[in-house]
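Peer 1: Each chain, letter by letter, is given below.
Number of protein chains: 2
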Amino acid sequence: MILCALACSGATAQTIKKVAPGVWSITYGTPETFTPSMFKKAPVESNQSAPEQPPVDIQDIRFKTTSRGCVLELPMDDAEKIYGFGLQVNTFQQRGLRREMHASSNIVGNVGFSHAPVPFYVSTNGYGVLINSSRYVTFYCGTMQKAVDLKDNTARELGFTTKDLYSPHNRYSDRMIVEVPSEKGVEVLLFAGPGMDGAVRRYNLYAGGGCLPPLWGLGMKYRGKGDFTDERAVNLAGYFRENNIPCTTYGLEPGWQSRAYSCSFVWNQQRFPEPAKFINKMDSLHYHLNLWEHAYTNPVSPLFKPLKGKAGDYMVWGGLVPDFADPKARAIFGAYHDTAFVQKGIAAFKLDECDAADYKDAAAQWSFPELSLFPSGIDGEKMHELFGLLYQKAILRIFQNQRTWLDVRSSGAFASPYPSVLYSDMYNNADYVRMILNAGFSGLLWSPEIRDTRSEADLIRRTQTGVLSAQLCFNSWYLSNPPWFQIDRAKNDNGEFLPDRKELENRIRSLSELRMRLVPYLYTAFSAYHFDGEPPFRALVMDYPSDDTARTVDDEYLIGPSLLAAPFLDGSSHRNVYFPAGNWYDFNTNRKYAGGRSYELDMTLDQVPLFVREGSILPLADPVPFIDAQTGFKITCRVYGGQPAAGSLYEDDGETYGYEKGKYNHVVLKWDGNAGHVTRSGNFQGSLYEVKNWEKIQ
Amino acid sequence: MILCALACSGATAQTIKKVAPGVWSITYGTPETFTPSMFKKAPVESNQSAPEQPPVDIQDIRFKTTSRGCVLELPMDDAEKIYGFGLQVNTFQQRGLRREMHASSNIVGNVGFSHAPVPFYVSTNGYGVLINSSRYVTFYCGTMQKAVDLKDNTARELGFTTKDLYSPHNRYSDRMIVEVPSEKGVEVLLFAGPGMDGAVRRYNLYAGGGCLPPLWGLGMKYRGKGDFTDERAVNLAGYFRENNIPCTTYGLEPGWQSRAYSCSFVWNQQRFPEPAKFINKMDSLHYHLNLWEHAYTNPVSPLFKPLKGKAGDYMVWGGLVPDFADPKARAIFGAYHDTAFVQKGIAAFKLDECDAADYKDAAAQWSFPELSLFPSGIDGEKMHELFGLLYQKAILRIFQNQRTWLDVRSSGAFASPYPSVLYSDMYNNADYVRMILNAGFSGLLWSPEIRDTRSEADLIRRTQTGVLSAQLCFNSWYLSNPPWFQIDRAKNDNGEFLPDRKELENRIRSLSELRMRLVPYLYTAFSAYHFDGEPPFRALVMDYPSDDTARTVDDEYLIGPSLLAAPFLDGSSHRNVYFPAGNWYDFNTNRKYAGGRSYELDMTLDQVPLFVREGSILPLADPVPFIDAQTGFKITCRVYGGQPAAGSLYEDDGETYGYEKGKYNHVVLKWDGNAGHVTRSGNFQGSLYEVKNWEKIQ
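First to last, the protein sequences are chains A and B. Under UniProt numbering, the first sequence has 372 at position 372, and the numbering climbs by one with no breaks. Under UniProt numbering, the second sequence has 586 at position 586, and the numbering climbs by one with no breaks.
These aren't lab readings, by the way, just hints derived from the structure by calculation. All values derive from a computational prediction rather than experimental measurement. We treat Cβ as the ideally placed atom computed from N, Cα and C, and that holds for glycine. Fair warning: there could be bad hints in the mix.
Far from chain A by the CB rule (all over 12 Å, computed), these chain B residues [unchecked claim]: (1) ALA20; (2) PRO275; (3) PRO327; (4) GLY571; (5) ASN583; (6) ASP586; (7) GLN685; (8) VAL691.
Result set (DSS-like, lysine-lysine): computed pairs, CA atoms no more than 27 Å apart in a straight line [what the hints assert, rightly or not]: (9) B:LYS146 / A:LYS328; (10) A:LYS146 / B:LYS308; (11) A:LYS308 / B:LYS146; (12) A:LYS692 / A:LYS634; (13) B:LYS184 / A:LYS64; (14) A:LYS305 / B:LYS146; (15) A:LYS184 / B:LYS184; (16) B:LYS344 / B:LYS277; (17) B:LYS18 / B:LYS40; (18) B:LYS328 / B:LYS40; (19) A:LYS17 / A:LYS64; (20) B:LYS308 / B:LYS344; (21) A:LYS308 / B:LYS64; (22) A:LYS344 / A:LYS308; (23) B:LYS308 / A:LYS64; (24) A:LYS146 / B:LYS305; (25) A:LYS146 / B:LYS360; (26) A:LYS64 / A:LYS146; (27) B:LYS592 / B:LYS692; (28) A:LYS360 / B:LYS146; (29) A:LYS491 / A:LYS502; (30) B:LYS64 / A:LYS184; (31) B:LYS328 / A:LYS146; (32) B:LYS360 / A:LYS360; (33) B:LYS592 / B:LYS670.
Looking at chain A on its own, in the form it has when it is part of the complex:
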């Protein structure tokens, strides 16, 4: 429905459409091709109420074309704060910053580059804005002051230090300025609230709803060394079973292929001479198998010939770059993976190197140039922004009624429904935590994988962060033995183990068990991601946009409706924790904290930095060693505080897309003051949970 099309003198010509309840599309100038929305899923309907009017006065949005492309200006008020832009790494609140949407495996200082840039931001005023462009869009979030705003009294005094001289000066303007290069038009999507959380939910639902992982995806993933043979992989997989360390997924790194960098997508004859036997063996150990790859297709690959006419004009690592903007190229790529791997028992893939590295030291630069041209007509710049998304689409198309759980190194706009976690080789601990929060603003999931650690305490604290994230993953691609045997890389490879290795192993076991205890709660949080768009992991500001402290907290986050995590960084056991309004319980000790203020807290390495909202019923499972179709969970409900709201558990088969056809249950948990009550409703015939205990916590 086109609401209006204005071209009055002075005003910007525009076409306004309401594209979903609470979602408006405003189009200026000549439409762009290969936009993110061209590849998106259909929206999931929102049950939120929607305002009748757009959340931003469209007449206040200015558009112009320029010699370089086009420029938009959107108004901001003085108090408004801005979050989002995808998987931002080293910043949180973005007002006052320039953010350049540029898919990149490194951050180039601090300019907005990201594995998963998303041209979407959300405001504390309760609305979201998406620039539907696959260009390297730049957002000047109130950084640039216009000359027309210049007042004679803004002159400042002399400075004599570098800090004085370069300090920002009136940099917080009241305009969000957006540049879209090379285009003469742009579509803006406005997402109404209510609230920041409401705007983000609306974005996620418009994208197709958040993903629902397979149940097994929520357990621990372990990725073994890159040059392991089948035998060494099986041995390591056996180690977890023998030592009762829960683990659901085993990942193979490049050595499973006959060629890598670029990829053959063919089993390595020396290391894996009998893939079927290997897959069977891992299946008998109850593992889901995940295969590493990237998309650059080596000349020896069976995919090379079929893709040769469907690839970009420049190579990466001597391999073709498939034209994933072409559905036929995605179909060829997917069909091969289906026949060669999925039909033979492979559960998932790790889609590596689908970002790029141009802005780093020359020797480490790689990827196709932006000037590349692909047969579909897409250019290299747009392909960079979309490659991770389209690569996921190529793989996901083969998972028709079987869910999968991908690792992916790049993603973008409207990725909410993709069952994928992002990961990185940048290992800054504070960044890894912040990325959990930032991912939640833009329909992304982040896996703070564990590999490099500074100390044993750092290993434990990083593992805790993994437990409290979208994925618990150890990525030991260069370690012969698990990192808890030895954190030093050379010694680990050499078989020189830490003297207290068993103690560390016990802690890791406990943490993987804790992850298993949380699986029903997390799975339920993911169901809210799918059906309501609610990010399972999200910044405090999302739920408390008016709380000035919450606006700045970038190292704590909410998990589902009831939990707050406050990870320890760099092996520390001490930190400041801010609690928003309400009362909060220490998950370990049940000590109660009044919200609206901060506390200096210490925790032993056995304690996890997890807190429970008063009034919650928290379902915790008995840990299971693995997850398969037969897995059921025995639940203990912890009741926090005197008058808890009803809790809930989401239930389905954990494996298929039956839930899209209504095959799921809501298991409602109620506490009447003395006893707990469980009621189940829905169309799923099975039963995933058995509630066996209720624990009252005051």
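Given the coordinates of chain A, work out where chain B should sit on it, guided by the hints.
Peer 2: Below, chain B alone, put in the same frame as chain A:
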């Protein structure tokens, strides 16, 4: 003269013009506006012979427009090496690299960003290529392999380390690929040799000839602390005279202005209450005064109102960005400087911050956005590339018959005739030396200024590098006392001096005296820069393009016809020195080295890493304490080897542009085997040199 205009099927439509002897212009597509050449000076005629045919087969140059702009491909042969791209910092030979021409005060890893990017490269095959664009042009110097080149046998084996996995793979292609964003056409200028040196000379002459500094510009410049008062500046200036340390120029840093960051361009009433008196006093001490500034115009400035309608739509540090692409804005800016400063005795300016800083930590980012628009019609991206150039033009226009010598933080294409030295806050010692070489490929001059040093030895070695560069400059903008009093910043400010301060002072005096001894030689080398285009400071490869070692040497360089410098880095007294063909003498000991090989050399701190070509007559002056209109030089000619070629000295008034009207002399120095002979020819009436001694060195 248009030679041809082709638009045959398959070939690229183009217009070919010979624009000067040995210089061809090839234009593809729609011409760009605000190109570098639009602002260039008229060519100086070359007395080199010029080939009839372009040095590159124009039919092998491919052009196409794309969704992002346009792309050029130029052929390269397998053995060819590439140099240039302006003031490149951390790389030397550029084949195998991606170089992005982007004016920036930091290098963002290693991607080609530079204070002074120049879209010009020169090949060991003896030709130069300039892309006449003010866009952020990117050169892929054989880094990108086309898919059509893919052979089945290029597949490589598995890698399991980060190094293996990311190593370049067939990255050296045979194509130079150039992307010009936002434009649908481009002009390419081809410069013929003979040789690399010939191509660079032709480029410099086409640009208008290399600059000829005022004689005083070649002596030591000292910049005092930013918050000095007139009294403290005069005291420090007096210190040099009292202690017989030659110094010709004193520079005032920001504190001379009433407001800075942005600038008022008005004397500070507190620090400099009586500017005329101060200028007189410094003049009586025989100093040339240099004033720091940048162009961003503070609202309190007298320049603010006149520039308000002639400035960009975005501010920098709360100041206007003058539209220097408009000759009227340049005229206003220049005229003010003329009246307020030059007519009152100011000799020169330091034009700071005319680059930009976007790709660094958010807190330190500054400058106007690329999407800026200026009244002349130029956009922010082009203005970034041209701002340093145009700022120089605005200032230089007032120096009609009086030469000046500027410091400038950014420059670009066709800057050869501008009497300016570039400087930086990046203080890596190896980079500082490499930048001397790189500047020489593109008509730029680099001042490896001295400020931060690690040790006393580092101070001495850095000073030696300054002596052997286009400018010897101490930039003590944050030091209360000269760095040889105390290298530690806090202690220096505190008046805690080094115990061996006097010994250091003696060394600095000797080095400034050495600089004075070299002034006639350097001045003569600069005259060759002006009249013949020969860079006074240049890489060995420029003169020895077929010498495989010379192609890689990025830490030695030639000065004029006879000298080779091999600076010591980081305070070291040991290094490997490569000598090209011929014999070379140690300047200090007269020890002779056979060329075509390398030597491990040690030198004491009293020795300078300077070598003299056998067969040279090297004129050395008695040091003078300062340089003014009365200065004359007493010369000793050192004769190196048995059968020296004639030496020469260039002679003029050292101050005016009379040389452009032929008012100069050549003083020819000849050695007949027993005695020296001096002959003078030319139209200059005075005499700058008196040759008093000849020294024979075997």
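Peer 1: Please verify whether LYS360 (chain A) and LYS146 (chain B) have alpha carbons no more than 27 Å apart.
Peer 2: holds, 22 Å
Peer 1: Mind verifying the non-interface call on VAL691 (chain B)? Its CB should be farther than 12 Å from each CB in chain A.
Peer 2: holds, 48 Å
Peer 1: With a cut-off of 27 Å on the C-alpha distance, tell me whether LYS146 (chain A) and LYS305 (chain B) pass.
Peer 2: Between LYS146 (chain A) and LYS305 (chain B) the Cα gap is close to 16 Å, so the pair holds against 27 Å.
Peer 1: So if I understand the rule, the pair passes when the alpha-carbon distance is 27 Å or less; does LYS344 (chain B) with LYS277 (chain B) pass?
Peer 2: Since the Cα atoms of LYS344 (chain B) and LYS277 (chain B) sit roughly 10 Å apart, the hinted pair holds (cutoff 27 Å).
Peer 1: Quick one: work out the minimum CB distance from ALA20 (chain B) to chain A and report holds if it exceeds 12 Å, violated otherwise.
Peer 2: Check passes; 30 Å lies beyond 12 Å.
Peer 1: With a cut-off of 27 Å on the C-alpha distance, tell me whether LYS592 (chain B) and LYS670 (chain B) pass.
Peer 2: holds, 22 Å
Peer 1: Take the C-alpha atoms of LYS64 (chain A) and LYS146 (chain A), compute the straight-line distance between them, and say whether it is at most 27 Å.
Peer 2: holds, 16 Å
Peer 1: Mind checking the alpha carbons of LYS64 (chain B) and LYS184 (chain A) for me, to see if they're no more than 27 Å apart?
Peer 2: holds, 20 Å
Peer 1: Next pair to validate is LYS308 (chain A) with LYS64 (chain B); report whether the Cα-Cα distance is within 27 Å.
Peer 2: Cα-Cα ~23 Å, so holds.
Peer 1: Decide, holds or violated, for the assertion that all CB atoms of chain A are farther than 12 Å from the CB of GLN685 (chain B).
Peer 2: Non-interface label stands for GLN685 (chain B): nearest chain A Cβ at 47 Å, farther than 12 Å.
Peer 1: Next pair to validate is LYS344 (chain A) with LYS308 (chain A); report whether the Cα-Cα distance is within 27 Å.
Peer 2: Between LYS344 (chain A) and LYS308 (chain A) the Cα gap is close to 26 Å, so the pair holds against 27 Å.
Peer 1: Under the criterion that the straight-line Cα-Cα distance not exceed 27 Å, is the pair LYS184 (chain A), LYS184 (chain B) satisfied?
Peer 2: holds, 15 Å
Violated hints for the displayed structure: none, as all numbered hints are satisfied.
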